[in-house]
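A.B. asks: Residues per chain are reported as follows:
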Amino acid sequence: MNGKSIKLYKVAHSRAGDKGNTSNLSLIPYNESDYEWIGQEITAKRVKEHLQDIFDGDVIRYDLPSIKSYNFVCKNSLLGGVTTSLALDTHGKSLSSALLEMEISLPG
Amino acid sequence: MLKIGSGAGFSGDRLEPAVELAKKVDLDYLVLECLAERTIAIAQKEKIKDKNKGYDPLLVDRLKALLTVLNEKRFRIVTNMGAANPIAGAKKILEISREKDIACKVAVVTGDDVILELDSENDILENTHKLKDYKVISANAYLGAEALLPALKTDADIIITGRVADPSLFLAPMIHHYNWSLEDYERLGQGTVIGHLLECAGQITGGYFADIGEKEVDGLAELGFPYASIDRDGTGIIMKTPHSGGIVNVRTVKEQLLYEVHNPSQYLTPDVTADFSNVTLTQLEKNKVMITGGSGRKKPDSYKVSIGYHAGYIGEGEISYAGTTSVERGRIAEEILRKRLSNSIQDLRIDLIGLSSVHRTNFGNEHPYEVRVRAIALCPTRTDAISIGNEVEALYTNGPYGGGGARKRISECVGVVSTLLERERVDKNVKTEVLKNEWEINQTL
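Those sequence lines, one after another, are chains A and B.
Residues 1174 to 1281, numbered by the numbering used here, are exactly what the first sequence covers, in order.
Residues 702 to 1146, numbered by the numbering used here, are exactly what the second sequence covers, in order.
To be clear, the hints were calculated from the coordinates, so they are not data collected in a lab.
Careful: at least some of the hints might be erroneous.
[To be verified] Simulated coverage check for chain A against chain B, where a stretch passes if three residues somewhere in it have a Cβ under 8 Å from a Cβ of chain B:
hint: 1; segment: 1195-1202
hint: 2; segment: 1241-1248
hint: 3; segment: 1256-1265
[Stated by the list, open to error] Within a straight-line C-alpha distance of at most 27 Å, the following computed DSS-like cross-link-like pairs (lysine-lysine) qualify:
hint: 4; chain 1: B; residue 1: K916; chain 2: A; residue 2: K1192
hint: 5; chain 1: B; residue 1: K833; chain 2: A; residue 2: K1192
hint: 6; chain 1: A; residue 1: K1266; chain 2: B; residue 2: K1109
hint: 7; chain 1: B; residue 1: K704; chain 2: B; residue 2: K774
By construction, the Cβ of each residue, glycine as well, lies at the ideal position given by its N, Cα and C atoms.
All chains should be modelled from the sequences, with the hints used to inform the complete structure.
C.D. replies: See the structure below:
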């Protein structure tokens, strides 16, 4: 690592999906060759820390090497669920943008 | 080669992309998926008020636009726009076809309404409650592709139903067309991948995707809807309406493949436990992506049932502040509202829109020019809900300076939880009936 960091949105894109009270955030590197080092940086633990002001549920990461993508499943992240949530964004559709605000260290 | 198009990704979706797709591509099937989690509960309430209602509110507009093309090109429509009342929806379609003087047969699949099969001790999946703890409005099982097969075997032009798992609406025509076995789980898994990719319409053609920089998408105002060309072995190629806006590439497909997916190797539907983890994507040419590698294992033993319940009343009020001290005045307004409402309202939520309302944090961006204070709570009574908007509005003359644009709103809140039900208790009620318009009957008699 050379210590230089950038925002995650520079190197990857993301889409949020909702089911009940669980949100899933895909993380898809623009360049498939970045899959490995992004995976070393963006662990489930770091995502949970980054999003701690938004929700406090567990985060699980699923790896999809066949499409060089990750899937972060965030439990209890939609304030009780889409249908009764009082959040402005009840579906959590904008949570993908919060994930992409993470700082990531570029490989040296 | 089987061609299936996607004509709507949710109840409120645009109308004309489906018509454009059906006109410009020789489809075998056009699927319109229009039921969100709680849409059916809201429709059930309509049905209670009027037994001829309870189908999708845009059914009339969508079918008026599509019937003319359907008559010219003779593809088949599959849709869950029946919502809480598929029979009434089918009758309405026949009424429209009579007005247009178009011969039309509609097959109606019912049996998803399982309210009579549930009992008060049923466990709720999301928490430790029982069904008896809820004021239930509706209970609908997510039916699978199998439920649609008898309807597809008829000569109906339109197949209308209520709650069916979204990918199953697409998988059923594949099973019917290629005569796939309902135990060929590998094939059903691949077909489910294709259905899952298509079910949200524009979300795979550049909608819910566009951004500046790496993700620029042209023509979002004329976004083309997707279709897939599907081979006997399940291999699918995703494309979109020719000469339309949007884009289909491996990036849009990857995003949609993982949309609303938890464990990608265990995507549960009524038809199969689908496995998305070995899917491979190949960009064949511009706006053309080939999908292979979807797989699956045995289907779950029970059906998921979605239960709509009365959750109370939501009261909401908003007011704006602008200028250098807008955030500070927003905070004064928040303090006033908390003092005024804390005795009567539980769990009052107050956001400063423009500062931190979407995520409750803003990662250090602290100085917007304007903010909008939003107060909201879920209340047991309508009277409590009304008080929230009233208190916000009263900030005009009782709050900090320069408050403008107050709005207030109350709405009944329909919540959704789920339970599981044994297959037999659902399957025994699933049936198909075919309705024809009088013009057609007169012709055949």
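A.B. asks: A separate judgement is required for each hint: does it hold in the structure or not?
C.D. replies: Hints and how they fare:
1. Under the rule that three or more residues need a Cβ within less than 8 Å of chain B, the assignment of the segment 1195-1202 of chain A holds, with 4 such residues.
2. With 3 residues bearing a CB less than 8 Å from a CB of chain B, the segment 1241-1248 of chain A meets the requirement of three and the coverage assertion stands.
3. Evaluation of the coverage hint for the segment 1256-1265 of chain A: fulfilled, as 6 residues show C-beta separations to chain B shorter than 8 Å, against a requirement of three.
4. Restraint check: the Cα-Cα separation between K916/B and K1192/A comes to about 26 Å, which is no more than 27 Å; the hinted pair holds.
5. For the proposed pair K833/B and K1192/A, the alpha carbon gap of about 23 Å is at most 27 Å, so the pair holds.
6. Among the hinted pairs, K1266/A with K1109/B is consistent with the structure: their alpha-carbon atoms are about 24 Å apart, no more than 27 Å.
7. Note on K704/B and K774/B: the hinted pairing holds, with a Cα-Cα distance of about 13 Å set against a maximum of 27 Å.
Going down the numbered hints, you'll see the structure goes against none, and every one checks out.
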